[in-house]
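Chains as they are written, first to last, in the numbering used here: chain F, 1 to 93; chain U, 1001 to 1617.
Simulated from the structure, these hints should not be mistaken for laboratory data.
C-beta: ideal position from N, C-alpha, C; glycine also.
There may be inaccurate statements among the hints.
[What the hints assert, rightly or not] Think about it this way: if two alpha-carbon atoms lie no more than 16 Å apart in a straight line, the pair counts; the simulated EDC-like pairs of lysine to aspartate or glutamate are:
#1 F/79 / F/52
#2 U/1124 / F/87
#3 U/1124 / F/85
#4 U/1230 / U/1247
[To be verified] A short, non-exhaustive set of chain U residues, derived as facing chain F with CB atoms under 7 Å:
#5 1048
#6 1278
#7 1359
[Said to hold, decoys possible] Far from chain F, some chain U residues (derived; all Cβ distances over 12 Å):
#8 1024
#9 1112
#10 1175
#11 1207
#12 1251
#13 1294
#14 1429
#15 1455
#16 1542
#17 1585
So you can see what is in the structure, the chains are spelled out below.
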Amino acid sequence: MESEKKKKRGLFGVFGTAKEVMYGMASHDMSRTALRTRASMEHLFILITMGDLLGVPILPPYYSLRLMPYVVPQISTWKRRMLRERDLTDVLG
Amino acid sequence: MNNTLVAIVIGIVAIFVGYNFYARRIDRLVIQADPKRATPAKMYMDGVDFMPTSRNVLYGYHFKSIAAAGPIVGAITAAALWGWFPSLVWLVLGVMFMGWASDYSAIALSVRNDGNSLSAIAHKLIHPRTRQVLFVFIFFYLLLVAGAFGTLVATTLNNPIVPLGIIALGVFGMLAGQLLYRAKLDLILVTLIAVGGTLLAVLLNASATGAVATAFKNFNAWLNGFAPPKGALITVLDPTRPAGQQDVAITVSLVFWLLFMFAFCYLGAILPIWRYAQPVNYIGFWITALTVVVAGLGAILAFWIKPGGHDVSTFTIPTFVGFGGPTKVLAVSGAIQPLWPMLFVTIACGAISGWHALIGSVGTARQIESEEDMLPVGGGAMFSEFTLGLLSLLAVSVAVTTAGTTSTAVAIGRFADGIAGFLNVFGISKVYGSAIARAAFVVIVITVTQLLFRIMRVTLAEWLGDRAPIFRNQHVGTLISMAATTLLVVSGTWIYIWQLFGASNQLMASLSLLVVTVWLVATHRNATYAALPTVFMYVTTMAATLVTGYNLWVTIFTKQLGKAGHEIAVVGSFLTVAIAALLFVAALLIAVDGVRAIRRYRRQPIATAPEPGRVTA
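Start from the sequences and build out the full structure, keeping to the hints where you can.
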């Protein structure tokens, strides 16, 4: 981890920082929106296929089991997002 | 003393001292930011909302999220009412002792409370009803922002040298969305096409005697021909204008450009966010960033470089108008503008702002990678926004114009002239500089306004959707929000709407600082750094709300009630007063609950760690 985090020094460091700040101002919001859109679609898919994990059985367990290996890596984050409490101000984030 | 360089040096010293000697101390001793503690971004990482992000990226993101029209318009208006000196003093002291504390603390609060929003934490720490009251508060706060910003955009677009750039922004926004997400073109190429095209449109429309501006002028004249003799649909009273000029016409063309803005924002509220709102914001970012950076450099260099022998670094507006503002002008209508509390709500963002706390708690806090990043991101972005407010103050202070009037058109023109002067240092003609400044201003405001209508629609659906399902319809929610905004805009009381927006914004900041104070008390930390600004801003904003209510009563109800042709102004003003009263009561309820919560937590003993090996019940 430490080696990954080696910071560039001098002019390259300044350039890298400026690049990151510009990205943050110009594009980070767009990236998050794109990720959110993708996540919504994926969550919908997992809800349909694995809904019985949350008590919402939609698809027969046979198909759920067939799809299980492909969905396993996403189940923890999916459950976290689905069950997280939200309120109005979340729209701002 | 009265030049741009001195003000910039004061600003730099304020940032250096405030950040290094106060903010860092609080971060180290009170909050005790610990890089080893896991942040919500790491604990609850979901790849979307909760996602550890580099502090540089997050700083840029947070700054972009908080920097809107507030620091620009607040400084312009306050400088006209009280002079540049009190405005500068409030900007400096506000950001040093309160602004950074509000932003940073909201982020720290959320990070230490599992990434929960301010309202969720208030629900947990203060009282369950606090959350509901906060939602009501937020909706009307957004409505006031929309009313204030709507007037600014419509007034600026009504100027024939502005519209083409904004129309181009919408068109190129759609095009950029399509090219980026459908055609999958390279981002740099799309940026060059969209930003270049929009800037070209701005410049094509720059000359007041050019073909494009003449076409828009004729178009406005044609529209105004529907309501002879001067296109006035209604006449309203602007109490901040000199005697004899207080009757202001709400023209057909102004209403048209207001509707144009609504159409622009409607697309932003209804269309998928990638198709319109995001690309428009992206193009807008480049236009405003380029303008602000170049103008900022120009403001510094203006002390040494005098383009064409003209001095654009010396302030031309009064240093200090008086504690009562321009009393001679105000005496005509009977309105009052005492420096305290009104200055402190007229300049909202740039000194302290509640909007930042809202954004910080739900957006930024969930991406904080290490607790050490909270200060550079939250505090750093706030200090950066202060520089935007300072730049606006400098721009308006060097523009040659009359003091004492806060008419929106005059104020924006003054800002544009000042920025044009700074751009002129680099050889950019004043005509083009002024057009770019106006376009950048509208871009900043309109991109925020479209987001506002999106949020208001969601708020209405959540708030009333269960009782009346029609509010869940996105078109109905958006149209209701726009109708209420129209009523505020055509009431003609922009200065009051702005000050009420400022008051509600500052009140929002006090509410967030109150939640922080309760949390600090509940965790037995020294809460003074948050409690003092809370009390000051609470008292100031409540007083400002009362003064605004009084001004509306004196200048609108007693002078316009019952007069033919003034009905809409009276109804709009009544709505403004009702909102003021509602915000006042909501804030009072939250304050009472907050004080009770503080007392409750103070009575609780400090929990101590059990001794090793000892079994406790």
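Hint check results:
Proximity of residue 79 of chain F to residue 52 of chain F is assessed by CA-CA distance (about 12 Å); at most 16 Å being required, the pair is judged to hold. Restraint check: the Cα-Cα separation between residue 1124 of chain U and residue 87 of chain F comes to about 13 Å, which is no more than 16 Å; the hinted pair holds. Simply put, residue 1124 of chain U and residue 85 of chain F have alpha-carbon atoms about 13 Å apart, close enough for the 16 Å limit, and the pair holds. At roughly 13 Å between alpha-carbon atoms, residue 1230 of chain U and residue 1247 of chain U fall within 16 Å of each other, so this suggested pair holds.
The restraint placing residue 1048 of chain U at the interface with chain F holds, with a minimum CB-CB distance near 5 Å, inside the 7 Å limit. Because the beta carbon of residue 1278 of chain U sits about 5 Å from the nearest beta carbon in chain F, less than 7 Å, this interface hint is met. Because the beta carbon of residue 1359 of chain U sits about 5 Å from the nearest beta carbon in chain F, less than 7 Å, this interface hint is met. A cut-off of 12 Å between C-beta atoms confirms that residue 1024 of chain U is not in contact with chain F; the least separation is 19 Å.
Under the 12 Å C-beta cut-off, the non-interface status given to residue 1112 of chain U relative to chain F holds; the minimum distance is some 17 Å. Interface exclusion of residue 1175 of chain U from chain F stands, the closest Cβ pair being 15 Å apart, more than 12 Å. Distance to chain F confirms residue 1207 of chain U as a non-interface residue, since its nearest Cβ pair spans about 30 Å, more than 12 Å. Remark: the non-interface label on residue 1251 of chain U is consistent with the geometry, its nearest Cβ contact in chain F lying 35 Å away (cut-off 12 Å).
Every C-beta of chain F lies more than 12 Å from that of residue 1294 of chain U, the closest at about 15 Å, which supports listing it as non-interface. No beta-carbon of chain F comes within 12 Å of the beta-carbon of residue 1429 of chain U; the shortest separation is about 27 Å. The claim that residue 1455 of chain U lies off the interface is violated: its Cβ sits roughly 5 Å from the closest Cβ of chain F, which falls inside the 12 Å cut-off. Taking the minimum C-beta to C-beta distance to chain F, about 23 Å, the non-interface status of residue 1542 of chain U holds against the 12 Å cut.
No beta-carbon of chain F is positioned within 12 Å of the beta-carbon of residue 1585 of chain U; the least distance is around 20 Å.
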